[in-house]
Structures are given as C-alpha cells and as structure tokens.
Amino acid sequence: KQEVTQIPAALSVPEGENLVLNCSFTDSAIYNLQWFRQDPGKGLTSLLLIQSSQREQTSGRLNASLDKSSGRSTLYIAASQPGDSATYLCAVPLGGSARQLTFGSGTQLTVLP
Amino acid sequence: DTAVSQTPKYLVTQMGNDKSIKCEQNLGHDTMYWYKQDSKKFLKIMFSYNNKELIINETVPNRFSPKSPDKAHLNLHINSLELGDSAVYFCASSHQQGRDTIYFGEGSWLTVV
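Top to bottom, those sequences are chains A and B. Residue 45 in this note's numbering sits at position 64 of the first sequence, with consecutive numbering throughout. Residue 1113 in this note's numbering sits at position 97 of the second sequence, with consecutive numbering throughout.
It is worth saying that the hints were derived from the structure and are not from the lab. There's no promise every hint is true.
What the hints assert, rightly or not - Some but not every residue of chain B turned toward chain A, in silico, with C-beta under 10 Å:
#	residue
1	Leu1059
2	Ser1102
3	Phe1106
4	Cys1107
5	Ala1108
6	Ile1118
What the hints assert, rightly or not - For each label pair, taking beta carbons as the anchor points, the in silico distance ranges come out as:
#	chain 1	residue 1	chain 2	residue 2	range
7	B	Asp1034	A	Ser40	39 to 45 Å
8	B	Lys1035	A	Gln32	22 to 28 Å
9	A	Gln62	B	Val1028	34 to 40 Å
Computed from a prediction, not measured in an experiment: that's the story for all the values here. C-beta atoms are modelled at their ideal positions from N, C-alpha and C, and glycine is treated no differently.
Only chain A is shown next, with the shape it has when bound in the complex (with noise of 0.2 Å):
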C-alpha cells in the first residue's frame, strides 16, 4: 500500500526566502509524482508533473526533484512571494496499473510580507 507523507505540516517564511517542501512515499514503482497547490475554498491546481525517467522538472520559479530510489521529491521555491501562500500537495499514482492517486496531507505554506 502507497504512503506519501509531506513534512513539514505547515511553514511560515518571510518574503523572498528560498524555501523547500518535502515528500516522501513508500512504494517506489511509481509512474510519476505531481505537486498541487490549493488555494482556501479553491480546487487543485497542478504545478508540476515528474515522470518516473526524470530527476527534476521546473516552472518559473518552481524546481522539483525526484528520487525514486530513496522515495522523496523535494518542491523548491525560489524567492518567495505572499501570492505562494496555500498548501501545496504532492501525490503519486499506484504503481503497476497506475489506477489510482495518493495524496500526502499537504504543507500549507504562509509567506509573510
């Protein structure tokens, strides 16, 4: 059974900070790994998609790494901004047939200006 577990829980970094959000998940035959972000009373929106042959994938200021070996990826923001406030989310599909996501429980990310 797939576990995906994000740490930290929460965060709070002032603005302009570098800043690195972690996940982790137990079962490595993975298909690829995404990054949502969830805006309050809003759906998810995805950031980045990591196929299983790549190690990184990045947008704009948004770099993500995966290393299936060790079963984490990393969300790296550069220079932080208040409009990055929301909880970001990491999730990965079941390996062998793909049929179905898991979710971490989310890093809900507060960037003070």
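We have chain A already, so just place chain B on it with the hints.
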C-alpha cells in the same frame, strides 16, 4: 473557459436526503474521477471512470453512485445522506489514469445537518 466544472459549489442538506453533484470537463479527457477531501484536508479517491466505464471504486458505501452518461460527464449521486458525508467533493479528469496531469474542479462543499 472552465476546464473541469462542478455544480453546486455549496450544498447544505438534511440527513436522510438524496442529492447529486454534477461534473463536466471540456478537455477531451478519457478518464474522470471523484475525490473526497475530509475535515483534515486528506484527499482520497472515491471513483474513477475511463470512457464511461467504472475503473475504481475505493471502498465507498453503496449510497454513493456515480453515473457517467458520456465521457465528458461524471455525476455523483448520494442517497440517505449522513453527517459523516460532510466534506468537499472534487471532480477531476486526465488523459490516462495516473499517468498524465490531472485537472481538478473547484470542489463542492457538502454540509449535512
């Protein structure tokens, strides 16, 4: 244009009632999902449909019945609502189950009183 849209956004109803949540996607995806987010913000898959066929049913009470009239629509009908059904229900879609980016709707907030 909204990619994944679900209605209603908010729903307050009494125990024992029957209610439906509708979902439509205009992305041309083959696969649609229903996820439930509980009070602790944990997201868990309920159902997955691929080309109108049920693929995943994750230990969901049979009071919950999904219906897919075509591959662009996946509705969720709930019978005999219970207090514990109060949650946010998210519809989502993707090209292939668990292999591609998943797009989420904005959620339907269900409160059972």
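For a quick check of understanding: which of the numbered hints are violated here, in increasing order? 2, 8
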